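Chemist: Sequence:
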Amino acid sequence: MRRYVARRVAAFVATLVFLSALVFVVVRVLPGDPAAL
118 MRRYVARRVA AFVATLVFLS ALVFVVVRVL PGDPAAL
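All the letters of the sequence shown, read from the start, carry residue numbers 118 to 154 under the numbering used here.
Hints in this document: simulated from the structure, not taken from any laboratory.
For clarity, every value in this text was computed on a predicted model and none was experimentally measured.
Beta carbons: idealized from backbone N, C-alpha and C, even for Gly.
A few of these clues could be false.
[Stated by the list, open to error] What follows is a set of in silico ranges between Cβ atoms, one per label pair, in the way DEER data are often shown:
#1 Met-118 / Val-142: 33 to 39 Å
#2 Arg-120 / Pro-148: 34 to 40 Å
#3 Phe-141 / Arg-119: 39 to 45 Å
#4 Ala-152 / Ala-131: 38 to 44 Å
#5 Ala-127 / Ala-152: 31 to 37 Å
#6 Ala-123 / Val-144: 29 to 35 Å
#7 Arg-119 / Leu-147: 39 to 45 Å
#8 Gly-149 / Arg-120: 33 to 39 Å
#9 Val-146 / Met-118: 39 to 45 Å
#10 Met-118 / Gly-149: 44 to 50 Å
#11 Ala-152 / Arg-119: 41 to 47 Å
Whole structure, please, built from the sequences with the hints as guidance.
Modeler: Take a look at the structure:
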């Protein structure tokens, strides 16, 4: 059970990091002021 939870937490953290990086790149690439959205 502990192994399953560790795997799920690791997958969650990896997904969170990936999505954060993706959002950061999209915000930096798109023109305009992010605050104007």
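Chemist: So, for every hint listed, does it hold in this structure?
Modeler: Hints and how they fare:
| no. | hint | in the structure |
| --- | --- | --- |
| 1 | Met-118 / Val-142: 33 to 39 Å | holds, 37 Å |
| 2 | Arg-120 / Pro-148: 34 to 40 Å | violated, 46 Å |
| 3 | Phe-141 / Arg-119: 39 to 45 Å | violated, 33 Å |
| 4 | Ala-152 / Ala-131: 38 to 44 Å | violated, 30 Å |
| 5 | Ala-127 / Ala-152: 31 to 37 Å | holds, 34 Å |
| 6 | Ala-123 / Val-144: 29 to 35 Å | holds, 32 Å |
| 7 | Arg-119 / Leu-147: 39 to 45 Å | holds, 42 Å |
| 8 | Gly-149 / Arg-120: 33 to 39 Å | violated, 46 Å |
| 9 | Val-146 / Met-118: 39 to 45 Å | holds, 42 Å |
| 10 | Met-118 / Gly-149: 44 to 50 Å | holds, 48 Å |
| 11 | Ala-152 / Arg-119: 41 to 47 Å | holds, 44 Å |
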